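Count the sequence shown with full-length UniProt numbering and you get residues 1 to 250, in order.
I should point out that these hints are in silico values taken from the structure, not numbers from a laboratory.
None of the values given here were measured: they were computed from a predicted structure.
Glycine is no exception: its CB is placed at the ideal position from the N, C-alpha and C atoms.
Among the clues, some could well be false.
As the list claims (entries may be wrong) - Here are the simulated lysine-lysine pairs, DSBU-like style, with alpha carbons at most 35 Å apart:
#  : residue 1 : residue 2
1  : K109      : K40
2  : K209      : K67
3  : K109      : K133
4  : K146      : K130
5  : K133      : K209
6  : K49       : K130
7  : K116      : K133
8  : K116      : K49
9  : K130      : K116
10 : K40       : K116
11 : K49       : K109
12 : K67       : K109
13 : K146      : K209
14 : K109      : K146
15 : K40       : K130
16 : K116      : K67
17 : K130      : K209
18 : K40       : K67
19 : K49       : K67
To be verified - Distance windows between CB atoms, simulated:
#  : residue 1 : residue 2 : range
20 : P175      : E44       : 32 to 42 Å
21 : P200      : P175      : 50 to 60 Å
22 : F235      : P103      : 38 to 48 Å
23 : Q75       : A51       : 17 to 27 Å
24 : D45       : K130      : 31 to 41 Å
25 : E98       : A205      : 17 to 27 Å
26 : E44       : K209      : 34 to 44 Å
27 : T79       : P150      : 37 to 47 Å
28 : P175      : F227      : 21 to 31 Å
29 : G177      : A208      : 40 to 50 Å
30 : P150      : F249      : 45 to 55 Å
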Amino acid sequence: MSRNRTVLVTGASRGIGAAIAIGMAERGYDVALNDIERQKTDLEDVAAKIAATGQRAEIFYCDVSDKASIEVMAQAVLTAFDELDAVVNNAGILIAGEVDGLPEQVWDKVMDVNAKGSFMVIQAFLPAMKRRKYGRIVNIASIGGKHGAPEQAHYSASKAAVMGFSRVLAQEVGPQGITVNCICPGIILTEMGRVNLEDPEIRNAWQAKTAMARIGTPEDVVGPVAFLASDDAAFVTGQTLNVDGGIVFS
1 MSRNRTVLVT GASRGIGAAI AIGMAERGYD VALNDIERQK TDLEDVAAKI
51 AATGQRAEIF YCDVSDKASI EVMAQAVLTA FDELDAVVNN AGILIAGEVD
101 GLPEQVWDKV MDVNAKGSFM VIQAFLPAMK RRKYGRIVNI ASIGGKHGAP
151 EQAHYSASKA AVMGFSRVLA QEVGPQGITV NCICPGIILT EMGRVNLEDP
201 EIRNAWQAKT AMARIGTPED VVGPVAFLAS DDAAFVTGQT LNVDGGIVFS
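Given these sequences and hints, build the entire structure.
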């Protein structure tokens, strides 16, 4: 009997990450769920929802800005699931602040989680994917990495780094049957996205800028991720897809 496809989703306890994890389970994937340990309650709730679909969910606590922690997680995931078909790098943070007053440690923290974290998670799983000559890597970037917004220079820089990294990685690992692509969500109603939406005027302004005339939901991101993680996208690599309802047209 053929095994179920498997996927790791980082930052899976809430928002876009939780929606992706549950959505992939609904599409027949067994899911390795990752987040930091203080998200335990939320992550267990996501695992329960996946179990209700009939798919397997396993929880792996790890801070993606900590290399040693990632290496322990990677070994545990590969032991538990034997083979991993796809990695969705979703873990990310946003700490708003203008450039002229931005503490160095805030810049470093955002870059460590958003950019370096994606790099280190991929690096930990690449050997196993190369041995199989198969893998699907989907990195969650942001339209902020293309245009940005005030008080988000460091966030924008981190997401631009993810896109540039993904384009080069796609060239390096393509011959091994591994694809690497990015999703750029737009204005999505999540806990982190509320930074852009707390003020009704700002929310209305974003809505007015969006061709679909609405704010996105985490579920809006699931289908595009599932496509890039599937064999339907076997000849798609090094690409960045905006999932923003029509804000950025490039």
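P175 and P200 - C-beta distance against the hinted 50 to 60 Å: Hint holds: Cβ distance 51 Å, inside 50 to 60 Å.
Proposed proximity, K116 with K40 (alpha carbon, max 35 Å): The given pair, whose Cα atoms are some 23 Å apart, holds under the 35 Å limit.
Hinted pair K40 and K130, Cα distance within 35 Å: 32 Å, holds
CB-CB spacing for A208 and G177 relative to the 40 to 50 Å hint: Hint holds: Cβ distance 44 Å, inside 40 to 50 Å.
Straight-line alpha-carbon gap K116 to K133, limit 35 Å: Since the Cα atoms of K116 and K133 sit roughly 24 Å apart, the hinted pair holds (cutoff 35 Å).
Pairwise beta carbon distance, D45 to K130, judged against the given window 31 to 41 Å: 35 Å, holds
Holds or violated: K49 to K67, with C-alpha atoms at most 35 Å apart: 29 Å, holds
Hint consistency between K146 and K209 [alpha-carbon to alpha-carbon, up to 35 Å]: 16 Å, holds
Pair hint K109 and K40, alpha-carbon separation not exceeding 35 Å: Distance of about 21 Å is within 35 Å: holds.
Restraint status (C-alpha distance of K130 to K116 at most 35 Å): 21 Å, holds
Satisfaction of the hinted span 45 to 55 Å by the C-beta atoms belonging to P150 and F249: 21 Å, violated
Hint consistency between K130 and K209 [alpha-carbon to alpha-carbon, up to 35 Å]: Roughly 42 Å separates the two Cα atoms, so the pair is violated.
Figure legend: structure checked against the earlier numbered hints; hints not met, in rising order: 2, 5, 17, 30.
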